[in-house]
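Undergrad: Residue-level listing of the chains:
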Amino acid sequence: MLRAATVILRKDLRLRLRDRSVLLFAFVIPLALTFVFSQLFPTQEDFELTAGVVDLDGDDVAAGFTQGVVAALVDDGLVDATTFEDEAGARAAVEDGDIAAAWILPAGFSADVSAGDGGEIRVLVNPDRALSAEVARGIADGYRAELDRISLVVATSATAAQGALSGSQLEEIAELAVAQAPAVSTTELIAPDQQLDPTSYLAAGMAVFFLFFTVTFGITGFLEERQQGTLQRLLAAPIGIGTVHLGKAMGAFVLGIVSMTVLAIASATMLDASWGDPVGVAVLIVAGVISALGVMAFVGSFARTAEQAGNLQSIVALVFGLAGGVFFPIGAGTLGQLALVSPHGWFLRGLGDLVGSDSWTAVLPATAALVAFGVVFAVPGALRMRRETA
Amino acid sequence: MSDLLTCVGLERSFGDLKAVQGVSFSVAVGETYGLLGPNGAGKTTCISMIAGLLDPDAGEVTVAGQAMGPRASAAKNDVGLVPQELAIYPDLSARENLDFFARLYGLDTARRKRRVDEVLEVIGLTDRAGDRAGTYSGGMKRRLNIGIGMLHEPKLLILDEPTVGVDPQSRNAILESVETLATDGMGVLYTTHYMEEAERLCDRIGIIDQGTLVAEGTRRELVGMIGEQDVVRLKTVGDVQAAEAACAVVEGVSSTDVEEDTVVCLVDEAAPRLPALLAAVGATDADVSGVEVREPDIEDVFLHLTGKALRD
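Respectively, the protein sequence lines represent chains A and B. The numbering of the first sequence is the working numbering, which starts it at 21 and goes up by one. The numbering of the second sequence is the working numbering, which starts it at 308 and goes up by one.
Okay, chain A solo, but in the shape it has when bound (with noise of 0.2 Å):
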């Protein structure tokens, strides 16, 4: 079975070889939208956040925000920021694209903060700067999150003492805990997909968008086969079906490792890409690959026709592609958790984990999800494949 289906691979590859738009798809087009996407986002480098603040509470915890936090990215020159007297006159400021967001801490802020009732600071963002917007929320939540964990130690402290604290030892406990809050980290802000810098990211995604493309050819060829009519002949020769759905799957799979690997390779000596640690790259690369196999398949076999099954998997590759965030870095919220219902993010996420993480282990959790994403639509995308050549 493997000796015919080797057969057909390489009849395959050979063919593939002599079809361009397949190097296109898998090799030129993504190197070339890389850089051009990447000479439209700032480097972290070259990040700047102009933002204004309202401070219309005056008191402590607000000014925890606007001297601490928002001070400190200042100092390190992440942040611009202008004070703005009331929320009109920073409004105002963005609309006219002075600044690209504003933070406004409303009036009883602090003290609803330290009653225990939240406390929300409101950002005000431009929309044509999506980066610094992100990142601008990211901040203010950043602080927020803050501010609810040293309220839980408050709290709990209060309680295990049961009345026993008084309110000054309450409120060393309070500044205990602010001593150990760790500042709001910028870097992963500007860079939400953990530490992947935007041209790795932007290498990355487009890699494992086209990277879907182009293991269609796989599962397309299978139906080319049956158009051409040597599907008859593959099926009148001493093989299986299986063997034909074998020797297609072995095609694509190996297409789809050589174009990563080449797109790995190729964004990291011209672009200055880095994809992490080889082995953990690799592993993921091999994940990426079987999850695009099991989708492509599973949307190929709802198709009679090459040119279906090819309308059918681009539509797929291009909003699991825009689900993922391929084509601009998207925040750890509830986009980034949107991310995650598509082979894609987790493929950046895995990615950022490898690039954050001094182990190779650290993509495991995002390998088995792409596994899972392959296998999950494999199983059902072969079966109806084997009963519709039935």
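Calculated directly from the structure, the hints in this document are not laboratory data. Cβ coordinates follow ideal geometry from the N, Cα and C atoms, glycine included. This list has only true hints and no planted wrong ones.
Simulated coverage check for chain A against chain B, where a stretch passes if three residues somewhere in it have a Cβ under 8 Å from a Cβ of chain B:
id, segment
1, 21-27
2, 30-39
3, 245-258
Here are the simulated lysine to any residue pairs, SDA-like style, with alpha carbons at most 20 Å apart:
id, chain 1, residue 1, chain 2, residue 2
4, B, 420, B, 400
5, B, 462, A, 258
6, B, 448, A, 251
7, B, 462, B, 511
8, B, 462, B, 373
9, B, 448, B, 471
10, B, 420, B, 439
11, B, 448, A, 244
12, B, 420, A, 23
13, B, 448, A, 249
14, B, 420, B, 434
15, B, 448, B, 402
16, B, 448, A, 248
17, B, 615, B, 537
18, B, 420, A, 26
19, B, 448, A, 35
20, B, 542, B, 571
21, B, 448, A, 247
22, B, 325, B, 367
Over 10 Å on every C-beta distance to chain A, these chain B residues come out as not near it, computed from the model:
id, residue
23, 310
24, 421
25, 435
26, 471
27, 503
28, 522
29, 537
Please arrange chain B on chain A, whose structure you already have, making use of the hints.
TA: Structure of chain B alone, referenced to chain A:
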């Protein structure tokens, strides 16, 4: 001669359509057997079951003593299939097409190279062996299609209407190739709806209509089924359908058909019946402009057995 192919009680349906119903026949070693029938008669479905592409609903196919089916690798090795539609890779050359299928059939390196060269010679494509098949003429593609089928030296070669859409020159070359195969000892199963091809190539002919094998035998045996009948062809001017209807009720006429402007009648004895036939046509809105009387052929047998022409 021992049987190379045996089909017993083959049946196959597609939904409510009974494509093949109880077809049984055999092909001996070195024999060319023609399966003759109009389009949609069930020939290709029979071929698909014999080549192991389809499982029959009932019945059995045996090739060289081995049961045939989609998973019967050993039996498939003994069969070469030339599908009705071209089944070649247009982006590969003739040599690459042949080499691919030779590998698929597991030919070792030496035998593969020898057979590829031999087949290229037989199908007359040695000079164009390195050119992509997509650049070939229709006849050259047809010859390559046949070459792939005979590449692994099967005991039984199945040719499913191999001359459909082929120019007369290429058609003749294909027929000569098939004649050569038969003399080399290969069993050939040849389906066609061209009576002349069946008469020229086949040792025996099976006539299939509506999924049923209605008769089989040598040409002489089949023509003998009509008895001492003659074929009378009346070329007409005017309402040819009315002329046919008039001829059909003349005493001694067993069947009639229309071929363009000609009424074809199977008649017990032509000479005494001719005046009545001419009178019958004369009584309609048609006139007879020409008369031909000849011995019956396979096409007439088909007409006699099914009441319709092969090309209907």
